[in-house]
Structures are given as C-alpha cells and as structure tokens.
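Fit chain E to the given chain L structure using the hints.
Each chain, letter by letter, is given below.
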Amino acid sequence: MINLTIDNKKIKAEEGTTIYKAAKMAGIDIPVLCYMDLHDLNIEHKPAGCRICVVEVEGRKNLAPSCSTEVTEGMVVHTHTLRVLNARRIVMELILSDHPKECLVCPKSGNCDLQKIAIKLGIRDIPYQEISEISTYRTDFSPSIIRNMDKCIMCRRCETMCNELQTVGALSAINRGFMSVVAPAFEMDLEDSVCTYCGQCVAVCPTAALTEVDHTNRLIRDLSNPSKTVIVQTAPAVRAALGEEFGLEPGTLVTGKMVSALRNLGFKYVFDTDFAADLTIMEEGTEMLERLSKHLQGDTSVKLPILTSCCPGWVNFFESQFTDLLDIPSTAKSPQQMFGAIAKSYFASKINISRKDLIVVSIMPCLAKKYECQRDEFKVDGNPDVDYSISTRELANLIKRANIDFISLSDDDFDAPLGESSGAAVIFGTTGGVIEAAIRTAYELYTGKSLEKFDFRELRGMEGIRQATIDFDGTPIHIGIAHGLGKARELLEGIRKGESRFHAIEIMACPGGCIGGGGQPLHHGKTEILKKRMEAIYREDQSKTIRKSHENPYIIRLYEEFLGKPMSEKAHRLLHTHYVDKSKKIIYI
Amino acid sequence: MTVKKKHILVCNGTSCQNVAHDEIFNNLKKELQNHGLEESAGLVRTACFGLCEKGPVIEIFPDKVFYVQVKPEDAKEIVEEHIIRGKPVKRLLYNEPETISGKESGEKARFKRKQIRIALRNCGVIDPENIEEYISRYGYEALGRVLDEMTPSDTIRIIKDSGLRGRGGAGFPTGLKWELARNNQNDQKYVVCNADEGDPGAFMDRSILEGDPHSVIEAMAICGYCIGAGKGLVYIRAEYPLAIERLKIAINQAKEFGFLGRNILDSDFHFDIEIRYGAGAFVCGEETALIHSMEGGRGEPTLKPPFPAQSGYLGKPTNVNNVETFANVPVIILKGAKWFSSIGTEKSKGTKVFALAGKINNVGLIEVPMGITLREVIFEIGGGIRNGKKFKAVQTGGPSGGCLTGKHLDLPIDYETLVAAGSMMGSGGMIVMDEDDCMVDFAKFFLDFTVEESCGKCTPCRIGNKRLNELLDKICKGNGAMEDIERLYNLSIVIKDTALCGLGQSSPNPVLATLNHFRNEYEAHIIDKKCPAGVCKALMTYEIVEENCVGCTACARACPVGAITGERKEVHRIDPRLCIKCGACLEKCKFNAVIVN
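Which chain is which? The protein sequence lines are L and E, in order. Take the first sequence: its letters are residues 1 to 589, numbered as in this note's numbering. Take the second sequence: its letters are residues 1 to 597, numbered as in this note's numbering.
Simulated from the structure, these hints should not be mistaken for lab results. These figures come from a predicted structure and were not determined experimentally. Check each hint, because a few of them may be wrong.
[Said to hold, decoys possible] Derived pair list, reagent style DSBU-like, types lysine-lysine, alpha-carbon separation capped at 30 Å:
1) E/K496 to E/K477
2) L/K21 to E/K304
3) E/K304 to L/K10
4) L/K61 to E/K160
5) L/K46 to E/K304
6) E/K347 to L/K61
7) L/K24 to E/K496
8) E/K588 to E/K530
9) E/K4 to E/K112
10) E/K335 to E/K114
11) E/K316 to L/K61
12) E/K64 to E/K4
13) L/K12 to E/K304
14) E/K114 to E/K338
15) L/K101 to E/K496
16) E/K407 to L/K61
17) E/K4 to E/K76
18) E/K335 to E/K5
19) E/K474 to L/K101
20) E/K477 to L/K101
21) E/K304 to L/K526
22) L/K526 to L/K46
23) E/K496 to L/K21
24) L/K120 to E/K496
25) L/K497 to E/K316
26) E/K112 to E/K90
27) L/K9 to E/K304
Isolated chain E, as found in the complex:
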C-alpha cells in the first residue's frame, strides 16, 4: 500500500451534497486520473465541515487548507495548482468577512481556531462509510479498553467525573443517568439513542450520524456494558435518509468487525443495535414520548416518574441519551475525565455543538468549549451579522428557549447562565436576528411551531399555546390592546406552571423573553399600530412619493390587484383599501417613489 501524500476531503453532508457534490467529486477524480495521481493523492467523501453557508467545502489534508463555494469546474485548478504545484488556490480560500478586524484565512480563520471539536472530531475528516478510517482515529479503542480493563462502575465513575451532561437540552448528568439505569435490576434493559432532532435550524445530531456514526455506536455499546443492556435502539426521524443510510452501513460494518453482536472483542458482553424510525414529531424528542412512539403507540409523553431508567421501553429499564452526548463518550474514556472536565465552566464541562442560523454570515455547525461568550460565537466564529446590519437578538434553545440581547453578548455560554438569562441551552440551535426582525413576529414564529407540534395531550399546551398564538397574531395585525400584554404574560406563566412535559412547560419562553427584552416593540404594535422592523404586513402601508414619481406606470402594471392608478407621466396613487402589501410595486419602481411606512 502506498502512502498517500495528500488527501482531498470533499464534504458529503446533506447541505453540500445537495450542491453538486457528485460532480465535484467526479471531476476531481478525473483530474487525478489525468495526472496519474490516483496512487499518491487520496480522494475522500467525508461529512460536514460545519461551514454550510459557504458550501460545497473541500479540505486538503495535511495542509489544512480549506476551499469554499467550490464549483465542479474548479477541480482542474485545485489538482494542478495545489496537489501538483503545492500552491493553494487563493480565490477559493475562506476569507473572514470584512466585519472582522485583522481578518485571517484558512486554518487561522477564527471560524476554525476558536472551535474545539470533540463530538465532531471525525466529521469532515474521515469517510463515514469506512469503519477502518474510524478505527485509524482510535475508533473502538474505548470500547476495547472498557471491556478489557474496566468494570461497569469504573466506567460510570469516569463519565460522572467528567461532568458530561445531556446535550439534548435539559443537561441531566449523563453518568448519573447511567447509574440509575444500572441500579434498576432487570433481565432486559435498553440503551436508546435519541436522534429525533427537531429544533428548527438545529442539525448537529444529523451531522454526527452522517459524519461519524461509529462514535455513536461505540458509545451505545459502552453504555450497554455499563447499565447491563444487551440491546440498543436508535430512534431517528425518517426525514434523515442520509444519516439513516450511513448508520445502517456503520452498524453492519461494526457487526462484521465484531464490535456489535455476541461476545464483543472476546468478552462475554453481547450488544446489538436496531434502528427505529420516527415520523418527525417534535414532541418525540421527549424521552417518554419517544419510548411510546418506539412501542408503536402515539408519540405523547407520560408523567415522570416513572422515569425510563425505572420503566422505559416495553416497561424495562431504559437509558435514553442524545446523539451528541454519546459522541462525547469514547473520547472521555480514552482521554480521561480530568481532561474533559478541564474544558468548560464549573458546572458545564466539555464542548457544545451549535447550529448557527439566521442573519449571520457563517451559517453552519460549530463546536465550542462551554463558557465561550455569545460575542465570540456570533462575531468571530459566526463571522458577524450579514450585510453589515445591527445585531438585535439571538434565540438559543429553539422553540423552548428564549432570546438574548446585546447586553447578554459577554455572558459565558453554559447551562446555568443561559437559564438565568431567561433562555436555555436546548439542543444547540442559535438563530441570530438583526434590526430587520420583528420580535413579536419572531415569538409568533415559534408559537406557530409549538402549536403545530404539541401532541395535544394536555390542555395548557394544546389550547393555551393556540391562544397565545392568536393573541400574538392579533397584535401583529394591529388589533392588540394593552391588556393583551397582561393576558400574554398571565397565560404564559400558567402554561409553564401546568403543562405536562418539557415542550409545554417551555413553549411560552419565546413570548416571555421577547416581552422582557422587547416590550417596546409590543407597545409599538399596540399603541402606535406600527411594526418598527417593518415585518408585520398588516401594519405597513405602501405610498408613492409625489416628487419622485415620473408616471412610468411600471408599478401599476406590476400590481396584481389593480390598487395603483394614474395616467402616463402623471403621479400615481396606491389605494390602501385594495393594496395587499405584496411589495411588487416597490420592486419595480426605479425612481424610489414607492415607500413603505
């Protein structure tokens, strides 16, 4: 076997795959063949690098040079310039946005430099469909060590000491969870991997399963050994076909290599993994709902206790962990609790993966140490706000979380601080808003989501969220009264106080947070009947500025409802009673004569 001097890693995550991945890959392959480089240069389909905004992304290893927004026709230049001549193709390098002073490129760019990749350690590095690449990165070594040298309680002790907490949202200590499941005696127990990722904009679980499925499989086996379970189940939403495909390949390979099945690595430990598909209900991320769904029932939560550790899947003790939580486990075993707990803050150890979305330059996936500030995440790693606009707020924790504002930018990100600030860690979605976002509309966006995703079991969530949403809608339409603010507040408090599961208990958070931080925007909608950000259509009026109108008739022709009248070369007018505020006139006018109030 010849040692390859260079490797071209081509991102094959869902996002990049959708943008000409195959063409790029095939062109690169052809170019390498044309230059007779098949032996000396490797070409690998990896998974997500995280910089989805700038995809398709390619990295040249070991040079640590990464190219962004690569097109199929760039293949020739990459091979000829970089692989053959050793000169990076400058025009394809990632450049930090202008907003960042002292901008850097390539590996030095803050997008990469500020990250610590533990859960994502193999994502974008290895071919997820090749178990040998995982093994070459110390894969299954943790499992081997655990089975060979450690008792289940030793192993749980390490996880407990590491301070690892659940990455799915609530942050329950993982080691403690394992211990509870271990202490419940039963001849049959289950390890469940919760891959029912549902927060709008969050996709870290998908990326891990697409990019490094073996780390999850290995961790599940370790967990099975610790709690005394012989069976693992991955509950994954059917909307993740690529993740499912790679997971299936990985499970089969692990079986072939003896990492799953009977007498794993010649021990007397047996463990198998099966996949269960979810239909994409958000509430199925709640562990009791998830278990009911796996059992074939309706995906709705039940009261805890009993906790799954006592009575879970089919009534047996069950340990449910999130994908990202599992992905941390093998590294912790290998590098030790001390190493892991040295990263992060006092109560929140290790790293957290965040999905950056919204009005941010580097939309994508990042992994950062706990305790990093929002400012670093948004303005350095995230490359700042798009189009030079002003930062307004960031929503963390998805629909269950709340928004944080400029005054929170220097807060360290960890479980406790976020909760204290009125938001939560959640599964790691971060949606950034700028001055053009209306916070009332934004709260309504999340309520739309929870109204749709409530399982309907308990009254406060089923009807209460609907009523919250209707009140917000009333305000957005300019029909709000000041007492509606009180009603929103009181109803939110009762929903939080009485709802059955985490979904309902947290669903009013976006309302409460925006009420706390942006009450002035609510008041503007209610008192002035204005949407300061210009988002709420019902509160907008389109007008034509007489001085600017030349009477070109372009607007009148564009108006789909005939709301604009005026003779040629004369000033036009918009009839507000007919106008549907579609913005077509604004778009057509070349003379800045159409304005929005």
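If we strip away everything but chain L, and leave its shape as in the complex, we get:
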C-alpha cells in the first residue's frame, strides 16, 4: 500500500492507483471530462487530453492530470487550490471557445458532459470570442449516425470504443493542431468507411458531436397523416431501459407503460418485435438443426459453426472485415426485418391495406437498425419492410414532447396477432439470449423430448467470450458467445484458422448485447446499469407463461395460415437474406 495525502487527508491506496481514483475513494471529487471508466467492460479511457482533472502535486513543476498520474509514496496532492481552479477554468474556457454556442437547440442539451462540467466549474463567460476562430468541419450524415465535429472536444472516447472495444477501426484522430478531429481515414464519410453503426461511439460521446439520426419529427408527421396506418414494433431491450429516461431505477421493466405510451402517441397497432424473435428462432433454429444434423452425419460440405445474424452491427462487421466467412452466418433476417416482412404481407392483407399505406416503425435500442431497414434487400419495389427505426432515447424524447406522464401510465398489452411472444424472445435483448432461445427450441425439435428446465445459466453473464457445452440427449453441442465486436473478432479469427470447435456461436455487437446498444439511455460510464437491464430481461422471461418460441400460438398459426413450415419456399423469400462483400471499404496502408 502507498501512503499519500490528498487535500490534507491521509490516504492509503494500492500501487498503480491513479490520483483520481484514490481521491474518489476518499470522497474527494475531481472533475473529469475526457476520462471514462467502463469498469464492467474492462475499459479505462484516460488519454489525459482534456486537462480538466489537473491537480497540484507538491514538488512537481507543473500540474498533473489526476486521471492518469499514479500515486507514489509520500505524495502530497491538492485538488482545489487557487492555481488548480484557475487552470481548470482557463482550460474549460478554451474548450468552450472552440465549441458552438448553441446549447439552446442542441440535441444533447441537459445530457451533455461538457455542459455539466462547465456548470460545475462555474463558467460565466467565454473569453476570446471577439477573436476566436472555431474549428469547423463538414457535417457527415450517415443512415444511422450524424457526425457534427464542430462539437468534438477531442476526448477520444469514441476512438477507444471503435478501436479497442469494437476493433472496427473506423475512427481515429486526423489533422494536426487546432484542426485535429476524430474522423474516418482521409476524412471520408462514415457511410464509406468500415463503420458498423454499432453506435458505441454515440453512447459515450460527451457532447453532440456524435448523435443518432433523429426520425421523431418524421414520425409525428406520419402519425398525423390520416391516410396512413402507422404500426410499431418494440425490441426487447427497450422495455428494460426506457424507464431510466423518466427517473426510474435502472432495471425497472416498463413494458406495460411503454405500450400505453405508444398507444397514446397514436400508433394504430402496438406490436412486439419479440413476436418476430420467436419467428427468428423457428427459422434460424431450423437452419441450425439442418446444418448440425448434416454435420453430425458426416457431411463435410456443411460449414460450422453457424453464426447468429440478428444483430445488424455484427452483420456490417463481418460483411466488411470477414468476407471470407460470409457463408457461415445464418441466412435468417433479424427480428426487426422479419417483423417488417410479415407486417407488410401477412398483416397488411389481414387488415386489407396496401403495403405503401402501412408504415412500420420500430423502436430499437440500436442505431445500426436505422441502417438495416434501409438496405435494398429489405425493400419491395423500393418500399421498405420497416420504414424507419427510432431509438429508445428518441422514444423517450417523443413521450416527453407529447406531454405524456409516463410514470403514472397504467400497464397495457400488445395488440394481436404480432404482439404475442415467448420468454425466449424477450431474452434476445441480452448477450447469450438468442442462443439460449435457439437451444430451447432446437433441443426439443432435435431430441423430441421436452426440456425440464429452461434456464441455461451457463450461457449467461457479462464475460466477453463465454462457451458452454449443451447435452442434446447424448450429443454434446458446443456453443460460443461473444458480445462486443472485439470479442467477436477473437472468435472469428479462431474460425478462420480452423481452430474453432463450436457448433454455433451467438454474436452481438454491443457490450451486454442490445441492452447496451448505441440507442439506449446514456449510461454516462455507469456500466453497472447494463447488469441491471440484463436482470430485468431475465425477469421478464421468468414471468412469461410461454418460454419457448415454438410454443407461441400466434407463431404456430402464422405457419399454418401463411408460411407453411420453417425454411419453406415462402419463408425463404420473406424471412431470409444474403450478405454483401463490403471489403472494399477497408483501406490497407
């Protein structure tokens, strides 16, 4: 242990502790801006770039960044001397002098780390304004993410997410000096880069430099158009996080209130993406069993492992970085797209309207979904199966704007027929959930026996890579799970080298799965929130009477009335897709 003094308090800290953490443990709060500690994801981002967290260390010539300076024996630290306060103020004034002054209309206003610290430091004036140039850049609009780098403060958190956690490599600092900014290589558009739209950069951006493409105004217009029938589907992870936007404890399930709010907003039908998740299990599970059975019978032409394909960020990732493996992921569309395809065919004919008069909106924890629903593969004669996707954050904003008192809403139920779902579908919202849902169905279909227990705890948790072997009545099935694209890369490298022994792998692009998606309420570094959302998801599963996808009566009826059987010709046409080689996006230097 190391003995030191911070603000006259005698403190003991372990070797390797930073001044910031040691102070925090002693109850001394040092303001930080670029620093980010994503403890549960093993990421501590401390570039020591913003210099807001500087402190005075006795015997040291200049001020030390507390976020990255380690404690030493006998160190004497002062965190709030006049010298420190003056330096922090001037540094903050400098940052603000190069930042657009449009807080009144900024999408991050009220939720902005820069604003919070400026308030904390008591900034009342931004000097240099009469002379100061502001670094400006072309705004970059992609289908999912808007980059407005005028608001970038070079905290570099997005870079850490993109490069270290996700290993995507779309973002890095470019230019020098005053014009330094984080951007794709050669300042190309995000759309032309290897960006997967996972949105983890957006999730950590302290300002509005990176935001989602906002479709709320478009939605309001559509809802007020009497000639359109607007229906909505909500992803499982949304109900486990939406409450946070209204001050509820993280992990509070708000399924009923959410349905109520959506109905209040004016949606004609409120459906559940979970219904389509059950459908996904039917298709993907059947595909998996087919490939598995052939493999077990010794057919060497069958490629294993089968990889899940419901995460659009993950699909973008392998389409650009693992193009040699395009034939192993399942061809099943994601639940969002299965829902859209069924809604605009089966459901549209049920209520007897044409697909172009039916507007399908999805509420997603995800930003990549915004891109996914725009893909050409998911359009019929130019009309998309899902018209657009809005994030959990956008929905919360819309509810507030519509003056709906969310907290006092009563619980409501989803509409039939696309609103019924099993517990297996709900757990799609968290890492390990898709494969667990698939196993619940595949086991029963494969062995012909019914499961005695539905909870596969060996598949759950926050470990980046997990593996388990499930006994399919004497046949061991090896399962791999990865969340976060960096971890996915590790598993894929194994497959590439032929070292993988897995039969099936589930991959979700975001840490924790969809519950940690780029469209979720901002966690502001409190990654323990993800665990609470995860627990909520499993609680919802527990509470369901139906726990297995193939037992969902509406799914059974959908096959009877419309699709025939899983993997039928019609199912293929509506519910399966193909992948595109996007490797040309990678720039090799």
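For chain E alone, kept in the frame of chain L given last:
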C-alpha cells in the same frame, strides 16, 4: 598505393550540394586529369563544413586552407595555383567581416579557431560514403574496445562520468538514461536514434548523418551492448533524403565489415539497425510520440511514466537518444570521461552544435565548448550582425525556447544558465535578430509554428496556443488592448502548467520571453498603434513627401491596386483606404518621395 600529397575536400552537404556541387567537383576532376594529378592529389566529396552562408566550400588538406563561394570556373585556378604552385587563391579565401577588428582569414579565422569539433569531428573531413575513411579516423575502435575489454556497466560508467547530457533539448544525463534502460529486464530491448529534427533553422542532426553516419551507427551499437538491446532503429524524417541515403549506405557497409549483424567483432554481441521514416511532424521529436509513430500509430505523446526505458517501442524497454548525443559517444570511449568532462562548465560538459540563422553574417553550423558566451558565438564565430545593423535578440531553443537580449551576451552558454535566463538549450537552433525585427511579430512566428505542429491531443496546446496566436495577431494588426497583455501572460502560464508534453509546456516561452524583455514593443503596438521595427504591415502607412515628389508617375504605375493618384509632373497621393502596403511604390520611387510610417 600512392600517398596523395594533397586532398581537395568538396562540401557535399545539402546546402552546398544545391549550389553547383556536381559541376565544381567535375571541373576539379577534369583539371586534375588535365595536369596528370589524379595520382598525387585526392578529390573527396565530404559533408558540411558548417559555413553554409559562404557555400559552396572547399578545403585543401593538409594545408587547412578553405575556399568559400567557389564557382565551377574557379576549378582551374585552384588546381593550377594551389595544387601545382602551392599558392593559395587569395580571392577565394574566407575573410572575416569588416565588423570584426583584427580580421583573420583561413584557419586562423575565428569562425574555425573558436570551435571544438567533437560531434562534427569528421564532418567535412571524410567521405561519408566510404567506411574506410571513417575507420582511418579511429572509427569503430571504440566499439571494438568496448566489446573486447569492457563490461556494459564499465561503459555506462564512462558515459556517466563524462557528464554527457542529451543534445536533443532537455539535457537528461545520457549515462543515467542508459542505466535505466539496462536495469529494466526484458528479452527484447531497443536503441532508438531520434533524427526527427524539427526546430526551424536547426540542421545539426541532418549534417551529422550526412557527414558522419558511422559515428552514429557505432554509438548505437555501443548503446545496444550497454543496455542489452539487439536492435536499433533510426527514426528520421523523410524530408532528409540525402541523410537517409548516406545512412543506408553506411549501415550496409557496417554490415559488410562486421560492425553490425551477428557476433560483432567475434564477440557474442548481435546488433542490427533499421530505418523508420517520419512524416515530418515536429511533435514526433518527443520520445513517446516518436515511439507511437514508429509503431504505426498517430504521432502523439502519452503521459510519462511509463518512460520508454520501462515501456517503449512495442512495450519493450527502449533507449532514445538524439543524433548529436550519439555522435559524441565513440570519442568519449576512446578519449575518456576525464577528457570530455574537462571541456565545458560544471554541469554542462563537452560541446554543443548550434545552427546559426537569422541576421548573422555566418549562417551555418558550429560546434563550441559549453560555457562559451553568446557574444563569442554571435560576434566572433558568427561574424556579427549583417549589414552593420544593431543586435537586438537571439532566440535559442527554437519554438520552445525564448529570446535573449544584449544584457545576456556575456552569459556562458550551458543548460542551466539558459533556462535561468528564460530560454533553453533546445536542439541548438540560434536565430539572431537585429533592429529591423519586430518582437511581437517574432513571437507570432513561433506560435504560428506551434499551432501548426501541435498534435492536438491536449486542450491547452491545441486551443490555447491558437488563442495566444490570435491575441498576438490582434496586437500586430493594431487592435490590441492593454488587457491583452495580461491575457497573454495568464494564458501562457496556464498552458505551461497544464499541457501534456514538452511541446505544449514550452510553446508559450517565446511569448513570455518577449513580454519580459520587449514589453515596450507590445505597448507601442497597443497604445501608439505603431510597430517600432516597421514589420507589422497593418500598422504601417505609406505616404508621399510633397517636396520630393516630381510627378514622374512611376509609383502610380507600379501600384497594383490603383491607390496612387496624381497628374504628370504634379505631386502624387496615396489613398490609405486602398493601399495594401505592398511596397511597390517605395521600390519604384527614385526620389525618396515615398516614406513608410
């Protein structure tokens, strides 16, 4: 082999090479052939002599006569008069400027006499592309001795005792640095030579690599032996093609001769050197930024600790030294710590190479013992101020340093004294200013540089320097207010206090130094709206003196914006609202009628 009686050494450094080097060399060769002297007189392409101002330079060895501003057509006279008749060509000799009393020429000139060349010992003497010439000057003897007779700790002890300190700028004790790298156990360590020379006007590293690449290679191998590294890397900016070319040749020759590679000189020490190219970012001279750049990352610094000696290139213990530091090492091994430490001052031992630039007569490269005064450097070696103007200030330490004024001229030059005087040693750039230089504009010149060269990682350097620059610009344009001086000062102090690396921590130095020494010039810009040196365009006005104007219309015709009006043979006038202060009228007027206020 015949022993050549005389050698003609022709400078082939970047500067002289650009001025008809090949023609001069070929003409000399032809003349020697014409007179059948190929056998008795040698002709050698060497590198920089240091007197770049007066290039192309030629030296006749062993006569120690050097000729300046040689033209290709002078070849005949040099060969016929000097080589054949033994009579130096007087008109080509270097003469000290009129400003120096008791002027001398040739070897006796103070330009040469006051210098001690250790790091530059072979520059301008040997053919850098010929390893045998290096060997003939005791080259690789130090490496041999170290491998043969000395343990790594013995060797480090010598470097420590010699008092050698890093020549890149900060002056960290070299021996101590080696020892730290040695003490960090690892199966793989690296020796890195920092050749990312970036100070405006400084070119000593380039000259050493162009003129004596083997001394650096030898020193790197010695360092590798000391710290336990098997691999050396030279990080050099791609803008130095000649240095790179010569370094490559030298590395190949060293490999051929067994000074690099496996089992060097039959020992069990293996060492190899590779070259890594930089794209010319100033900040990559900072060692952590340099390492990131070598790893393929963005050239930006990270917090120390960990120091490179603990975790450097690819996370392995790495020792980074500057080119000039390395160039000193072989001599120290051969001549001993005592000899080296006898040169210089108490805390700054040995010599330092300086690049003289600005308003000085002998622009070029010099090597002087530590402790020499600025006066000796500027007025004796440097030949004084150009065109008989008055000395105003000298900037040492490049953009990270500060300016020193007339009252500092008799200070001894060493690390501590310069810092105490508000400047720093830096890598050895010395820019001399005279009465025609505006100190506000001068501070702005360096801020322009740091704003451009900041890596952008930390706020104070990225935005703070920009704001400093804008404040200076405001003052230069005549829009400054007295409170701007306070703002400049406060902002400078905070930038120094909070910036991440040495670049940012020192970038306000030119502002602080000029504020300290030339506050009156700032005030003149702000209060009187005048630039005393007549540099800041916005504060100048062009006028026509009625009495002198004859109405020749030359000025009106020269004015590119039609700001001058007046009939023929009548007095002309300049419209200040249209005038862009280009000075074309001033240049054209033959009657001294145009004046600048």
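For each hint, the structure was consulted:
Distance restraint check for E/K496 and E/K477: the Cα-Cα separation of roughly 26 Å lies within the 30 Å cut-off, and the hinted pair is therefore satisfied. The suggested pairing of L/K21 with E/K304 holds, with an alpha-carbon distance near 18 Å, which does not exceed 30 Å. Simply put, E/K304 and L/K10 have alpha-carbon atoms about 25 Å apart, close enough for the 30 Å limit, and the pair holds. Proximity of L/K61 to E/K160 is assessed by CA-CA distance (about 25 Å); at most 30 Å being required, the pair is judged to hold.
Proposed proximity of L/K46 and E/K304 is supported: the alpha carbons are some 13 Å apart, at most 30 Å. Annotation: proposed proximity of E/K347 to L/K61 holds, straight-line Cα distance about 21 Å (limit 30 Å). Between L/K24 and E/K496 the CA atoms are separated by roughly 27 Å; this keeps the pair inside 30 Å, and the hint holds. At roughly 25 Å between alpha-carbon atoms, E/K588 and E/K530 fall within 30 Å of each other, so this suggested pair holds.
Note on E/K4 and E/K112: the hinted pairing holds, with a Cα-Cα distance of about 25 Å set against a maximum of 30 Å. Note on E/K335 and E/K114: the hinted pairing holds, with a Cα-Cα distance of about 21 Å set against a maximum of 30 Å. For a cut-off of 30 Å, the pair hint linking E/K316 to L/K61 stands: about 28 Å separates their Cα positions. Annotation: proposed proximity of E/K64 to E/K4 holds, straight-line Cα distance about 15 Å (limit 30 Å).
Note on L/K12 and E/K304: the hinted pairing holds, with a Cα-Cα distance of about 23 Å set against a maximum of 30 Å. With a CA separation close to 21 Å, the supplied pair E/K114 and E/K338 stays within the 30 Å bound. For the proposed pair L/K101 and E/K496, the alpha carbon gap of about 27 Å is at most 30 Å, so the pair holds. Of the supplied pair hints, the one linking E/K407 and L/K61 holds, its CA atoms being roughly 27 Å apart against a limit of 30 Å.
Only pairs whose Cα atoms come within 30 Å are accepted, and E/K4 paired with E/K76 is accepted, the gap being roughly 19 Å. The suggested pairing of E/K335 with E/K5 holds, with an alpha-carbon distance near 29 Å, which does not exceed 30 Å. Annotation: proposed proximity of E/K474 to L/K101 holds, straight-line Cα distance about 22 Å (limit 30 Å). In summary, the hint linking E/K477 to L/K101 is supported, as the alpha carbons are separated by about 27 Å, within the 30 Å threshold.
Among the hinted pairs, E/K304 with L/K526 is consistent with the structure: their alpha-carbon atoms are about 28 Å apart, no more than 30 Å. Proposed proximity of L/K526 and L/K46 is supported: the alpha carbons are some 16 Å apart, at most 30 Å. Distance restraint check for E/K496 and L/K21: the Cα-Cα separation of roughly 25 Å lies within the 30 Å cut-off, and the hinted pair is therefore satisfied. Only pairs whose Cα atoms come within 30 Å are accepted, and L/K120 paired with E/K496 is accepted, the gap being roughly 24 Å.
Simply put, L/K497 and E/K316 have alpha-carbon atoms about 28 Å apart, close enough for the 30 Å limit, and the pair holds. Restraint check for E/K112 and E/K90: the C-alpha separation of about 18 Å stays at or below 30 Å, so the hint holds. Between L/K9 and E/K304 the CA atoms are separated by roughly 26 Å; this keeps the pair inside 30 Å, and the hint holds.
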